[in-house]
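*Asks:* As a plain string of letters, each chain reads:
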Amino acid sequence: MSTTATLDQGVAPPGGRVVSFRRRLRAGDEVAYLITLIAAGTIFLITALVFYEVFSQSALSRHKFGWSFLITSVWDPVAGTFGALPFIYGTVVTSILGLLVAVPEGIGSAIFLSEMAPPRLSNACTFLIELLAAVPSVIYGLLGIFILVPILERHVVPPLKSAFGWLPIFQGPFYGVSLFSAGIVLSIMIVPFIVSVSREVLLAVPRDQREASLALGASQWQTTWRVVVPNASSGIVGSIFLALARALGETMAVTMVIGNTPQIKASLLAPGDSIASVIANQFTEATGDLYLSALIELGLVLFGVTFVLNGLARILIIATSRKGAHS
Amino acid sequence: MTTSQYWESTTDSSRVVSQFGLHADSEMKRNKQMKMLACLKEPRGRIATAVAVAAMLAACPLHAQTSLTGAGATFPYPMYSKWFNQYHKAHPDVEINYQSIGSGGGIRQVTEGTVDFGASDGPMNDKQIAEFKQKRGCDILHFPTVLGADVPTYNVPGISADLNFTPEALAGIFLGRITKWNDPEIQKANPSVKLPNNDLIVVHRSEASGTTYVWVDYLSKVSPEWKQKVGVGTAVNWPVGLGGKGNEGVSGQIKQTPYSIGYVELVYAIQNHLQYGQVRNQSGSFVKAGLASVTAAAAGAAENMPDDFRVSITNAPGRAAYPIASFTWLLIPSKIQDATKRKALVDFLRWMLTSGQNDTAALSYAQLPKQVVAKEQKAILKIQ
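Line by line, the protein sequences are chains C and B.
Residue numbers for the first sequence follow the working numbering, so the first one is 1 and each next one is one higher.
Residue numbers for the second sequence follow the working numbering, so the first one is 1 and each next one is one higher.
Isolated chain B (complex conformation) (with noise of 0.2 angstroms):
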């Protein structure tokens, strides 16, 4: 084969598939095919063949793409996944990839710059925000995209009424100082309740997680035992109790165990139509986790809202607070090179804040409120 014939067959061949590219034709589609078939009949043509599959390939997408990937907590993966299939809908050249690895993963990836953005169920700590500037050179934006809840559910053989918890009972459940379920702590809480003489069975989860973090930081928050002896961690050192893997091994375990409590994620209890209790607020009203209550735990704490977003809601004012809530947040770096990327992650924090937060609810996450939601839009403006 010469090289005179060699270029022949290419051109001609990509010329067929600019064609065919431009005006998508029944007629012309058949006339390529027979004509590629013959082609790989013989050596000279595959190379030909070959050349023009990816010119093909490179003419397809008519406009540019623009994918975004992120990485991290699996809480809120449920309501990620929607919001990035809905936009992908929405705007067809941006296509958004999450993959849920966890929060610690997530906090990693962004801050070693292998993926775009990160998510976490716990605001980053200083040291990581140091560590991230020296290596991103930026700083690192917390975005709240949503609310989650924990909360208390049990199994107690003859018990089908809610019951009440104050948070000395549950920090000295946890602690394994109360043992009994009559113990009076619990017991005068509820006091319509008979409650049996049955030792307590505790179960927490056997993984590091998000769900962890915001239950072991609402009791050091109401005991400071908890927070001398234990402390607060996706993971901790339990005084007590039987591990479960997620929240199915949690409930799993505590449907399986009489006079065992345990705590799970809201999304998850309501879910899977588990029983759960009520706990009692600052304000002194037992208030049962929804999402209207934990919205409004957001809202009692968006008045004292730091500029970066970083703040724990557990144990929140206000009366119609749930005391066990956090958010879950988004990490973006302040600073964004490219610009199409910019763009395209600045305008879905912006799809997000308004019309994403009317999906909220249909995954049982509670939205976020109005005032948080203000603050949000002033910070988007810090990305550049």
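Here chain C stands alone, though its shape is the one from the complex (with noise of 0.2 angstroms):
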């Protein structure tokens, strides 16, 4: 209190020491200013860059299938003929099994580290979920074809199948890797994105606003859910995109248990094949100038297919969001 008392008293009397003292604290304002707008400006240009360079280098993919690049489904560099389709249903299904059950999963456990769980555990157990956010996808990978898959195999899928069998999505043969192996892979993989993120902006939400409600007479979990989470939300739901977004674009632990096979099979337990996937596959060893093309449209099409899905994400969430702030 003291110092601001001084600072303030200092600031009063204009000219001398003072005046040069706020001059340069405007210069530094001014240059704050200029190095985040370069740092926010780099950002920018390179989504541009990358927009251009994948948009041009695709050009004669691009005129030579037209739209019917997104809509057909067969995938044949011998006689240079490129459909999507396949690619983006398994890109767009893994993701959004992944979240499916990532997201409970993620948000669940962050409100236990940062309302419910002693500060010593929370801080242990956030340390560990660091740690998992660091391992390289590969090792998911193989951990899911080595040891997740069997487990599928062996104790998840046949229950699923007796008791669900009458459902589309798990019908037909099993064979360890599919759609619905790299849609877990993938739910374990972003899980550490959301519960981090959450976790951290639920720590940050006012101790005001929990001895408010607690005040009013609302029980804790009351007052978590309808005050600490609502007041979150905006942070929690940048988690998930985060989240998506890493799911959309894995490549490696993706093509390890997703069987590469460019089909589209209503049912979940078959294997399928995702636009990253044959991007990582394939680009190395393309010879010739319209499979590349073909291949660099593929990330056109992952821009594609991220910007939709966030937006549809994002008007859910809006529309979700209103009606609670109704009831």
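Worth flagging that the hints you see were computed from the coordinates, not collected in a lab.
Think of the CB as a built atom: it goes at the ideal place given N, C-alpha and C, for glycine as much as any other residue.
One should not assume that every hint holds.
Taking beta-carbon pairs under 7 angstroms as the criterion, some of the chain C residues facing chain B (in silico) [to be verified]:
1. Asp76
2. Pro77
3. Val78
4. Ile145
5. Gly176
6. Val177
7. Thr255
8. Gly259
9. Asn260
10. Thr261
11. Pro271
12. Asn281
13. Thr284
14. Glu285
15. Ala286
16. Thr287
Across the chosen pairs, the derived CB separations fall in these ranges [unchecked claim]:
17. C/Ala133 with B/Asp162: 45 to 55 angstroms
18. C/Gly288 with B/Glu303: 27 to 37 angstroms
19. C/Ser56 with B/Gly113: 17 to 27 angstroms
20. B/Ser283 with C/Val92: 49 to 59 angstroms
21. B/Pro196 with C/Thr320: 52 to 62 angstroms
22. C/Leu121 with B/Ala361: 34 to 44 angstroms
Please assemble the complex out of the two chains, which come individually in their own frames, going by the hints.
*Replies:* As structure tokens, this is what we get:
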């Protein structure tokens, strides 16, 4: 308090050292403004450049196939026929499946860690979660194919099939590698992002809010669910977007468990393929301009898919949060 | 600081450095270190130190280093990296860097001129050669280095014997026409084995690869239906099957999936002790892939070897020849401007064809037959 007072006093009289200090401060503002502007501008520039490169280098394939690239299913490098639909389907399905599993799991554990767990346990768990986020994706892929897939094959899929076998999404033979396995591996990979970011924003909700709610007679859970979580909702949504982006672009882990079969089957137990994985699989050995161009166009499509899914998720969240506000 | 002072200190330090460079004397080293430390204390000295360090770096290599870069195929990478390493040990003045970025990348980079040589598991096609000529203004030469082969590997519970496969059976399986293990086409080649009535699960490579190229090149030679429906390439539109990433992905998938079948590189199968089958060759005998039978395939093809070495040796004639084999090539421009680089590359090729060939077996690569080596020795003269 005393320092603020002296500072205020120091600023008041014009001229002398105080003015030059203010000038420098002002100059500092300018400098900070410029530096942060450059930083933000760089991100915009990189995105624009990536988009431009992908767009211009895919010209050959765009002109040859037009919009049919998006709706045809044959990917034949020998004949030079390329259609992206099975890859789009695989990317969207695995990412959504990953989110469906990871969002409740991630937000649940974030709420527990920030609101209910003793601080010591919370800190220890957070450390572990951040460690999980740093595991390279190829490790997740290997764990997926050698450990997760056999577990799914023995203990998860048979009961799923006997309980929900009447649903088309759980029909057909299960070879281990499948859209389902890829979705589960993705969910494990993206949970740390959701937990770690959500926990931080939950912890940042002011203490007064909780105390006010508790003082009004709300229970601990009512306080958490009706006050703390809505307060942190924009941060939680941010964490989900981050997770979605990671899921859409994941390459290595997905390609190891998805089966790499470009087909569209209603069943989640069937093998599929994803955009990122086919690019990684075929880019190095791609010979011929059209083939390369088609692979680059897949990158453009991934841009579009990310854009659309992000938009849809945003609309969904706005819609649900409005409903919440009315009730 | 005056200009004269600056020059004085600079020349002084560089003299010390050059002396140091000539006689590596520990006494002198200590003196110099102390002097450098002293230099750091004042700004004038810092510049001098920087100059001294630069002079030291320049003085360091006593003989000129020739550095060659290459890029391409991943399949022969273990062999190449051993060769380049050994060659560097024997000839310290030549250093060869190789990046295994894939055959397609190797062809692209050598065409763009960003590397001194390329490497590929499949020969360049006529269109690629025309593009190379147009961009680089000279020919591209293919030099076979070692041989590779693909083997059918499978997981049939209860069967430990090596299974026999006819070309028709392999084509049928990969076309999706043969769907059961006890299909007559498989059963008749294995009269002593009772094959189960289970569905076949086909596993192929998910990524574009030279291994796939050899496999489908063979299938299209033995099956007109394959040639017409699927064709040949490093990646194809597979009629059936699951894709595994890399040899390890395919073999991992097969280990975990009962009644599955796929193909892997012979080197990989040998080193990982995988069970693999025998394939019937052109002369009707079932041959198990091995270093000798693969070299025999190359020898069988050597008679009709074209001068540019661009030849597929799948389905090669000869009783002992294993039919699903292939060369892997180094791609070298016929004109190399830099004389030292040219000499280094030519010397390396000569070494690779003679003493280098003796190292192949240790890494489970099949060595080139004598006829091919002799022919390559002549082709080296084309490099100018």
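*Asks:* Against each hint, give a clear statement of whether it holds in the structure.
*Replies:* Verification of the hints:
1. Nearest Cβ of chain B to the Cβ of aspartate 76 of chain C: about 4 angstroms, under the 7 angstroms cut. The hint holds.
2. Proximity of proline 77 of chain C to chain B holds as hinted, the smallest CB-CB distance being about 5 angstroms (cut-off 7 angstroms).
3. The beta carbon of valine 78 of chain C is positioned within 7 angstroms of a beta carbon in chain B (closest approach about 4 angstroms), and the interface hint is therefore held.
4. The criterion of a C-beta within 7 angstroms of any C-beta in chain B is met by isoleucine 145 of chain C, whose closest approach is roughly 6 angstroms, and the hint holds.
5. For glycine 176 of chain C, the shortest C-beta to C-beta distance to chain B is roughly 6 angstroms, which falls under 7 angstroms, so the interface hint holds.
6. Annotation: interface hint on valine 177 of chain C holds; nearest CB of chain B at approximately 6 angstroms, less than 7 angstroms.
7. With 7 angstroms as the threshold, the beta carbon of threonine 255 of chain C comes within range of chain B, its nearest partner Cβ sitting at about 5 angstroms, so the hint holds.
8. Checking glycine 259 of chain C against chain B by beta carbon gives a least distance of about 5 angstroms; that is within 7 angstroms, so the hint holds.
9. With its C-beta approaching chain B no nearer than about 3 angstroms, asparagine 260 of chain C sits inside the 7 angstroms limit, and its interface hint holds.
10. Taken as an interface hint, threonine 261 of chain C checks out: its beta carbon lies about 6 angstroms from the nearest beta carbon of chain B, inside 7 angstroms.
11. With its C-beta approaching chain B no nearer than about 5 angstroms, proline 271 of chain C sits inside the 7 angstroms limit, and its interface hint holds.
12. The beta carbon of asparagine 281 of chain C comes within 4 angstroms of a beta carbon in chain B, closer than 7 angstroms, and the hint placing it at the interface holds.
13. Satisfaction of the interface hint for threonine 284 of chain C is found here, the shortest Cβ-Cβ separation to chain B being roughly 3 angstroms, below the 7 angstroms cut-off.
14. Hint status for glutamate 285 of chain C: holds, given a least beta-carbon distance of 3 angstroms to chain B, under 7 angstroms.
15. Below 7 angstroms, beta-carbon pairs count as interface contacts, and alanine 286 of chain C has one with chain B at about 5 angstroms; its hint therefore holds.
16. For threonine 287 of chain C, the interface hint holds, the least distance from its beta-carbon to any beta-carbon of chain B being 5 angstroms, beneath 7 angstroms.
17. Checked against the given bound of 45 to 55 angstroms, the beta carbons of alanine 133 of chain C and aspartate 162 of chain B, roughly 46 angstroms apart, stay inside it.
18. Remark: the range hint 27 to 37 angstroms for glycine 288 of chain C to glutamate 303 of chain B is upheld by a beta-carbon distance near 32 angstroms.
19. One distance hint, 17 to 27 angstroms for the beta-carbon pair serine 56 of chain C and glycine 113 of chain B, holds here, with the actual separation near 23 angstroms.
20. About 52 angstroms separates the C-beta atoms of serine 283 of chain B and valine 92 of chain C, a value consistent with the hinted range of 49 to 59 angstroms.
21. One distance hint, 52 to 62 angstroms for the beta-carbon pair proline 196 of chain B and threonine 320 of chain C, holds here, with the actual separation near 53 angstroms.
22. Taken as a hint, the range 34 to 44 angstroms is violated for the pair leucine 121 of chain C and alanine 361 of chain B, whose Cβ atoms sit roughly 58 angstroms apart.
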